[in-house]
Amino acid sequence: MASQVTRYVLDNGLTVLLKEMHTAPVISWWVMYRVGSRNEQTGQTGVSHWVEHMMFKGTEQFPAGVLDKAIDREGGVWNAQTSFDYTAYFETMPAHRIDLALQAEADRMANALFDPDEVEAERTVIISERQGSENSPMFWLYEETRAAAFRVHPYHHQILGDMADLQTMTRDMLYQHYRTYYVPNNAIAVAVGDFDTAEMLARIEALYGAIPAGPEPPPVTRMEPPQQGERTVRVERDGNASYVYLAYRAPQGAHPDWLKLTLVDSVLAGASAPGGNSLGNKTSRLYKALVETELATGVGGGVYPSIDPYLFNIVATVRDGRTTEEVQSALDAEIERVRHGDITQTELDKAKKQAKALFAYGTESISGQAFWLAFSENFSSYTWYENFLENLDAVTLEDVQIAAQQYLRRSQRTVGWFIPTNGQED
Amino acid sequence: MDAYQHALPGPDDITRREFPNGLAVLVRENHHAQSVVLTGSLNAGSMFDPPDAVGLASFLAPLLLRGTESRDFATIHELLEGSGTSLHMSGGMHTIGFGGKSLAEDLPVLLDLLAETLRSPSLPDEHVERLRGQIVTSIKIHEQDTRYMAGRVFRRLAYPPEHPYSRQTEGGVETVSNITRTQLADFHRQYFGPQGMILIVVGAIKTDDVFQLVADKFGDWVNPDQPVLPDLPPVAAINAPRIETFAMPGKSQSDIVLGVPGPSRFVEDWQAANLANSILGVFGMYGRIGAEVREKHGMAYYSYSRLDGGLGPGSWRVVAGVNPANVDRALEAIRGEIARITTEVVDEEELDDNKANFMGRLPIQLESNEGVAGSILTMERYQLGLDYLWRYADVIRAVTREDILAAAQHYLNPDVYALAIAGPEFDAAE
Chain A
1 MASQVTRYVL DNGLTVLLKE MHTAPVISWW VMYRVGSRNE QTGQTGVSHW
51 VEHMMFKGTE QFPAGVLDKA IDREGGVWNA QTSFDYTAYF ETMPAHRIDL
101 ALQAEADRMA NALFDPDEVE AERTVIISER QGSENSPMFW LYEETRAAAF
151 RVHPYHHQIL GDMADLQTMT RDMLYQHYRT YYVPNNAIAV AVGDFDTAEM
201 LARIEALYGA IPAGPEPPPV TRMEPPQQGE RTVRVERDGN ASYVYLAYRA
251 PQGAHPDWLK LTLVDSVLAG ASAPGGNSLG NKTSRLYKAL VETELATGVG
301 GGVYPSIDPY LFNIVATVRD GRTTEEVQSA LDAEIERVRH GDITQTELDK
351 AKKQAKALFA YGTESISGQA FWLAFSENFS SYTWYENFLE NLDAVTLEDV
401 QIAAQQYLRR SQRTVGWFIP TNGQED
Chain B
1 MDAYQHALPG PDDITRREFP NGLAVLVREN HHAQSVVLTG SLNAGSMFDP
51 PDAVGLASFL APLLLRGTES RDFATIHELL EGSGTSLHMS GGMHTIGFGG
101 KSLAEDLPVL LDLLAETLRS PSLPDEHVER LRGQIVTSIK IHEQDTRYMA
151 GRVFRRLAYP PEHPYSRQTE GGVETVSNIT RTQLADFHRQ YFGPQGMILI
201 VVGAIKTDDV FQLVADKFGD WVNPDQPVLP DLPPVAAINA PRIETFAMPG
251 KSQSDIVLGV PGPSRFVEDW QAANLANSIL GVFGMYGRIG AEVREKHGMA
301 YYSYSRLDGG LGPGSWRVVA GVNPANVDRA LEAIRGEIAR ITTEVVDEEE
351 LDDNKANFMG RLPIQLESNE GVAGSILTME RYQLGLDYLW RYADVIRAVT
401 REDILAAAQH YLNPDVYALA IAGPEFDAAE
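Protein chains in written order, with my numbering: chain A, 1 to 426; chain B, 1 to 430.
Treat the hints with caution; some may be incorrect.
[Claimed, not checked] Stretch by stretch, here's where chain A covers chain B in the computed footprint (C-beta under 8 angstroms, at least three residues): (1) 75-86; (2) 136-147; (3) 248-254; (4) 364-377.
Hints were generated in silico from the structure; no laboratory data involved. All C-beta atoms in this analysis are idealised placements derived from N, C-alpha and C, irrespective of residue type, glycine included.
Please build the complete structure, drawing on both the sequences and the hints.
Here it is in structure tokens:
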């Protein structure tokens, strides 16, 4: 795909990616900071997510609540997201209203207030967000299984953070985190939509150019050591269904094996691709082995293009009246088949075709494109997204078979079971 | 009308054809993208569920895709998934809805499958049982969710038992467990037909090609037994508070749903109520409710209001997820905001902001094929006219502050409502 993206780096280190699309009178503006739960220490887990909340609590220019109304008034939408590897803020606006978004992000990059009273008020909201998630059995299962999979690397804790840290977080910790990581040389800014590149760049320079660069934020150095054997976790609490969660060690997004593993995932658990779209997975291996046989009511999987090595996840919902042991056995049997190399050329061709359709769907939306440009620039380069299909096409059957053999070993996985303590017994 | 409004979908680029058998098809071409999207419905929703088989229509909808007279489950899904095509069906209150997406060149496959699954499903026994298990498991999982349970109890309080809105379309564990294949087949035979069916197609396709394909696949479909959509039983306004708590041990959050039966989409004060609802609990991160319950007191992660409208009347309700210790304070704040909007006219500026939002958000809503298709479906379902989007700004501008007050007073009352609270154990005193 010919690159229509232009990339600039301002003097203060801000990376800017611009792509014109004139299919609708809309512009999507993203500012993605290279900070997430991956950058957090024990004692301050959840700080990145809380800082995201505080970014909505006002600056001098835009006091708390003003932007909510201003953006809604202009007919725009906006939101933010904290993940393992980034915290992103975006606005999608009618094209002629985009300046508000450009101003707002420049302003809060440097001038967020972190008012102590607002920090305290937000504590209740953040804790309540965690408590809301705690209503879901899968939340507990993910938390415990991931914590077992990562003993050293900060991927081990939830993005929401541990309750102990949410209760003791201070304004200073939040503000320090903000000042350390929210600097232009640690950020990626992306505009996609109905604009003129030269004009947009000039406006970005005018609004962002004066924000001073900061010291390079500290790198993440606690890499996870090799896993030396299968780990198992049980979570037992109230719930009405059992779940089985398999977490295999996976390579990071920029690694050449990542694409191969995503094709293994398509064959095993169904296709998903950049852009947020997905297809049904009823013709996938695991659906046939688990859902058609009435062992599970659903099964899914996914690999995530992360900065550091993360996980290849497979989750199955145990059907009412079946046991976790039965589902585990069936999962293991099918995964072993794939690991021993029985993926066919037909399956591989289908996975690639699905990826092409999903990619086409994903590139229709201006917001979706902007997200993926920022996201791929963060863990690799924006060209990763642009070259995705071409690189996927180059993967051979042998590549995929080797990847399955290497990454689906039992010694390299953590297995989590959720067992309800009420309702149906196993 | 300015140049921008004229660029919105309208009579010059939406083509409508009604077939003699009652099927209405609307098409809009969009050659900017490679895909095509379809959406639509037919009049076979849960309101037709027999009282002892609540959940039947919702059970039937996904079952349609599990086999037809000429293709089995595996063949259907290889066809879909192999080409990156999606097709899904779901049960709603009045209709069964469907939606699909494919690359433009695969539209013939998509329409062919749609016709086959709607007209001649085979309802295989093994899939009846498999789907039953999935639905039952899914209901049990939902029954662990405080927000879901608060909604369920609320509907039972707000609507009389003979009204289908008092029930949930998915049914309950017991009713779904007892539905038979015969009942499913009978329902299909009786209620599925082209009368009242709507099909919308948007994307990189030619209008004439679409009409030809639809004529081929659906033109000869008739069902002489198909009934007309009946009127719903009348819903009396609530005249005294109806309150119920639902205890769910082990939960760390309580969910509140407070509201009343509201306006249907057809009534004259619908648009005024819609704007009033935006002010009350949507605009600027959930409106006045959000400001009071979440921002000012930090009591909740979410609190907002919803106006369903629909063929209705759907409910007008406030929803909040709070720490169980904060339930009373949250309720007080919510009632306070309802009192305010039913006694004081809103500020001119507040109303202007909300109107600007309604008008200004159109380009973003209409950016995608899905957005355009959904918009056209609404226009057709509620008989708004193909020029609705062109007129929309005028419709919105015409609503006054007095209209807002009148609409709020018509439906809302700070002391009279249905209220459901689901959360951990409640004290005997409550």
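Going through the hints against the structure:
| no. | hint | in the structure |
| --- | --- | --- |
| 1 | 75-86 | holds (count 9) |
| 2 | 136-147 | holds (count 9) |
| 3 | 248-254 | holds (count 5) |
| 4 | 364-377 | holds (count 5) |
Taken one by one, the earlier hints all hold for this structure without exception.
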